[in-house]
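Taking the hints into account, I'd like the entire structure generated from these sequences.
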Amino acid sequence: MAYEKVNECYIVKDLYYAVEDNTWVRVNDDGTVTIGMTDVAQSLAGPILHAKAKKPGMHRKKGKPIATVESGKWVGPVKSPVSGEIVEINEELAKDARVLNKSPYYKGWIIKMKPDNLEADLADLVTGDAAVEAYRAKIEKDGVTCTHIEGTEEPA
Amino acid sequence: MEDLEGKKILVIQTHGVDTPTRTYSPIYYAIAAAAMEMEVMIWFTMNGTNQLKKGEAEKVSLKPESGVTLKTMLDMALDNDVKLAVCQQSLELWDMKPEDLIEGVEILGATSIIDLALEYDHVMYF
Numbered sequence: 001m002a003y004e005k006v007n008e009c010y011i012v013k014d015l016y017y018a019v020e021d022n023t024w025v026r027v028n029d030d031g032t033v034t035i036g037m038t039d040v041a042q043s044l045a046g047p048i049l050h051a052k053a054k055k056p057g058m059h060r061k062k063g064k065p066i067a068t069v070e071s072g073k074w075v076g077p078v079k080s081p082v083s084g085e086i087v088e089i090n091e092e093l094a095k096d097a098r099v100l101n102k103s104p105y106y107k108g109w110i111i112k113m114k115p116d117n118l119e120a121d122l123a124d125l126v127t128g129d130a131a132v133e134a135y136r137a138k139i140e141k142d143g144v145t146c147t148h149i150e151g152t153e154e155p156a
Numbered sequence: 001m002e003d004l005e006g007k008k009i010l011v012i013q014t015h016g017v018d019t020p021t022r023t024y025s026p027i028y029y030a031i032a033a034a035a036m037e038m039e040v041m042i043w044f045t046m047n048g049t050n051q052l053k054k055g056e057a058e059k060v061s062l063k064p065e066s067g068v069t070l071k072t073m074l075d076m077a078l079d080n081d082v083k084l085a086v087c088q089q090s091l092e093l094w095d096m097k098p099e100d101l102i103e104g105v106e107i108l109g110a111t112s113i114i115d116l117a118l119e120y121d122h123v124m125y126f
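Taken in order, these protein sequences are the chains called A and B.
Read in order, the letters of the first sequence are residues 1 to 156 in this note's numbering.
Read in order, the letters of the second sequence are residues 1 to 126 in this note's numbering.
Honestly, the hints are just simulated from the structure, not real lab data.
In this text the structure is predicted, and so the values were computed from the model without any measurement.
We put the CB at the ideal spot given by N, CA and C, even for glycine.
You may find that some hints are simply not true.
Here are the simulated lysine-lysine pairs, DSS-like style, with alpha carbons at most 27 Å apart [unchecked claim]: (1) A:Lys141 x B:Lys59; (2) A:Lys55 x B:Lys8; (3) A:Lys62 x B:Lys8; (4) B:Lys59 x A:Lys73; (5) A:Lys73 x B:Lys83; (6) A:Lys79 x B:Lys8; (7) A:Lys79 x B:Lys59; (8) A:Lys52 x B:Lys83; (9) A:Lys73 x B:Lys8; (10) B:Lys54 x A:Lys73; (11) B:Lys7 x B:Lys83; (12) B:Lys8 x A:Lys52; (13) A:Lys64 x B:Lys8; (14) B:Lys7 x A:Lys55; (15) A:Lys73 x B:Lys7; (16) A:Lys73 x B:Lys53; (17) A:Lys112 x A:Lys64; (18) A:Lys141 x B:Lys63; (19) A:Lys61 x A:Lys138; (20) B:Lys97 x A:Lys73; (21) B:Lys71 x A:Lys79; (22) A:Lys141 x A:Lys62; (23) A:Lys107 x A:Lys61; (24) B:Lys54 x B:Lys71; (25) A:Lys141 x B:Lys54; (26) B:Lys7 x A:Lys52; (27) A:Lys114 x A:Lys13.
So the derived label-pair ranges between C-beta atoms look like this [unchecked claim]: (28) A:Glu140 x B:Ser25: 31 to 37 Å; (29) B:Leu4 x A:Glu92: 19 to 25 Å; (30) B:Leu118 x A:Glu91: 38 to 44 Å; (31) B:Glu58 x A:Glu153: 33 to 39 Å; (32) A:Ala120 x B:Lys54: 41 to 47 Å; (33) A:Ala120 x B:Tyr125: 33 to 39 Å; (34) A:Glu88 x B:Glu5: 16 to 22 Å; (35) A:Lys64 x B:Glu65: 32 to 38 Å; (36) A:Gly128 x B:Leu62: 38 to 44 Å; (37) A:Asp96 x B:Gln88: 44 to 50 Å; (38) B:Arg22 x A:Val87: 38 to 44 Å; (39) B:Pro20 x A:Asp96: 29 to 35 Å; (40) A:Gly31 x B:Met46: 54 to 60 Å.
Laid out in structure tokens, this is it:
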């Protein structure tokens, strides 16, 4: 299976994760990366009301915010797991931020970035079974159980 | 929109545990500003001071089913590098000593608020 479920939280195996920041990276064929927030992140935030991504053209260092996300009970930055230039933002988020809840790994992607040094940044992230195990440890430590709103898509 | 990174926002909170519905939003706005990479300080004075007494903010919850208390919000603010400061004179109003304060709160005198108000880019009063 291309994904695993831990305490109801989906972890898609072909993504790279910054587990502490609850973000993921998808490596695209054209040299860009797509970045988003995880199922754990959307569960902790609850139904998301607004999401505002930084502008295309902006350079972000790893760890700096690429977006701010607001729910009724939480507001915070989405920290970039890699350094690079933002080349595209997901315009759908401005229309309906709940797509972050319903499809955090697919339709709810946040930005696309042209990375500065992807190889070095990926070395600090986890993927595949290692990601599942890292998340299992975090989920157990933090006592997280993921929740999904109506219309949530199961990962492919 | 101009780049907001590095702008400084001062939030003045005068509402405390006796009026829960007036306590959450100022902290929420402060965290939002911090998430937008601004430098943010919340200055607690008047009734606002009493939420900083150890054990008090945990008792305040707008929606109990959410599991989010006022203490959760204060912790979230600190996690996002929002500075928390309390007016020294207001501690006396509530018979509070420095050791009664939750972790992470700076005590400043009344003259500091004047300096800060002039120094910061914008001041929000609640």
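Here is what the structure says about each hint:
Proposed proximity of Lys141 of chain A and Lys59 of chain B is supported: the alpha carbons are some 25 Å apart, at most 27 Å. With a C-alpha separation of about 21 Å, the suggested pair Lys55 of chain A and Lys8 of chain B falls inside the 27 Å cut-off, and the hint holds. Annotation: proposed proximity of Lys62 of chain A to Lys8 of chain B holds, straight-line Cα distance about 23 Å (limit 27 Å). Under the criterion of a C-alpha separation no larger than 27 Å, the hint pairing Lys59 of chain B with Lys73 of chain A is consistent with the structure, at around 17 Å.
Taking the CA atoms of Lys73 of chain A and Lys83 of chain B, the gap is near 20 Å; set against the 27 Å cutoff, the hint holds. Taking the CA atoms of Lys79 of chain A and Lys8 of chain B, the gap is near 20 Å; set against the 27 Å cutoff, the hint holds. Distance restraint check for Lys79 of chain A and Lys59 of chain B: the Cα-Cα separation of roughly 31 Å exceeds the 27 Å cut-off, and the hinted pair is therefore not satisfied. Distance hint between Lys52 of chain A and Lys83 of chain B is fulfilled; the C-alpha atoms sit about 24 Å from each other, no more than 27 Å.
At most 27 Å may separate the alpha-carbon atoms for a hinted pair to count; Lys73 of chain A and Lys8 of chain B meet this at roughly 24 Å. Our distance criterion of 27 Å between C-alpha atoms is met by Lys54 of chain B and Lys73 of chain A, whose separation comes to about 22 Å. Restraint check for Lys7 of chain B and Lys83 of chain B: the C-alpha separation of about 14 Å stays at or below 27 Å, so the hint holds. The straight-line distance between the Cα atoms of Lys8 of chain B and Lys52 of chain A is roughly 20 Å, inside the 27 Å bound, and the hint therefore holds.
Restraint check for Lys64 of chain A and Lys8 of chain B: the C-alpha separation of about 18 Å stays at or below 27 Å, so the hint holds. The hinted pair formed by Lys7 of chain B and Lys55 of chain A meets the criterion: a straight-line CA distance of about 18 Å does not exceed 27 Å. Taking the CA atoms of Lys73 of chain A and Lys7 of chain B, the gap is about 25 Å. The hint holds against a cut of 27 Å. In summary, the hint linking Lys73 of chain A to Lys53 of chain B is supported, as the alpha carbons are separated by about 22 Å, within the 27 Å threshold.
Distance hint between Lys112 of chain A and Lys64 of chain A is fulfilled; the C-alpha atoms sit about 15 Å from each other, no more than 27 Å. The straight-line distance between the Cα atoms of Lys141 of chain A and Lys63 of chain B is roughly 25 Å, inside the 27 Å bound, and the hint therefore holds. Only pairs whose Cα atoms come within 27 Å are accepted, and Lys61 of chain A paired with Lys138 of chain A is accepted, the gap being roughly 25 Å. Restraint check for Lys97 of chain B and Lys73 of chain A: the C-alpha separation of about 31 Å exceeds 27 Å, so the hint is violated.
A threshold of 27 Å between alpha carbons decides the hint, and for Lys71 of chain B with Lys79 of chain A the separation of about 24 Å falls inside it, so the pair holds. Distance check on the hinted pair: Lys141 of chain A and Lys62 of chain A sit about 25 Å apart at the alpha-carbon level, within 27 Å; holds. For the proposed pair Lys107 of chain A and Lys61 of chain A, the alpha carbon gap of about 24 Å is at most 27 Å, so the pair holds. Distance restraint check for Lys54 of chain B and Lys71 of chain B: the Cα-Cα separation of roughly 10 Å lies within the 27 Å cut-off, and the hinted pair is therefore satisfied.
Restraint check: the Cα-Cα separation between Lys141 of chain A and Lys54 of chain B comes to about 25 Å, which is no more than 27 Å; the hinted pair holds. Between the alpha carbons of Lys7 of chain B and Lys52 of chain A the distance comes to roughly 18 Å, so the proposed pair stays at or under 27 Å and holds. For the hint linking Lys114 of chain A to Lys13 of chain A, the alpha-carbon distance of about 22 Å falls within 27 Å, and the restraint holds. The hinted range of 31 to 37 Å is satisfied by Glu140 of chain A and Ser25 of chain B, whose Cβ atoms lie roughly 34 Å apart.
The hinted window of 19 to 25 Å between Leu4 of chain B and Glu92 of chain A holds, with their beta carbons roughly 24 Å apart. Range check, Leu118 of chain B to Glu91 of chain A: about 40 Å between beta-carbon atoms, so the 38 to 44 Å window is met. Look at Glu58 of chain B against Glu153 of chain A: about 37 Å separates their beta carbons, and that is inside 33 to 39 Å. Taken as a hint, the range 41 to 47 Å holds for the pair Ala120 of chain A and Lys54 of chain B, whose Cβ atoms sit roughly 44 Å apart.
At about 46 Å, the CB distance of Ala120 of chain A to Tyr125 of chain B disagrees with the hint of 33 to 39 Å. Checked against the given bound of 16 to 22 Å, the beta carbons of Glu88 of chain A and Glu5 of chain B, roughly 21 Å apart, stay inside it. Under the hint 32 to 38 Å, the C-beta atoms of Lys64 of chain A and Glu65 of chain B, about 34 Å apart, fit the expected range. Distance hint check: the CB atoms of Gly128 of chain A and Leu62 of chain B are about 41 Å apart, consistent with the given range 38 to 44 Å.
In this structure, Asp96 of chain A and Gln88 of chain B meet the distance hint of 44 to 50 Å, their C-beta atoms being roughly 47 Å apart. A hinted range of 38 to 44 Å holds for the C-beta pair Arg22 of chain B and Val87 of chain A, which are about 43 Å apart. A beta carbon spacing of about 31 Å between Pro20 of chain B and Asp96 of chain A agrees with the range 29 to 35 Å that was offered as a hint. Hint check: Gly31 of chain A to Met46 of chain B, Cβ distance near 56 Å, so the stated range 54 to 60 Å holds.
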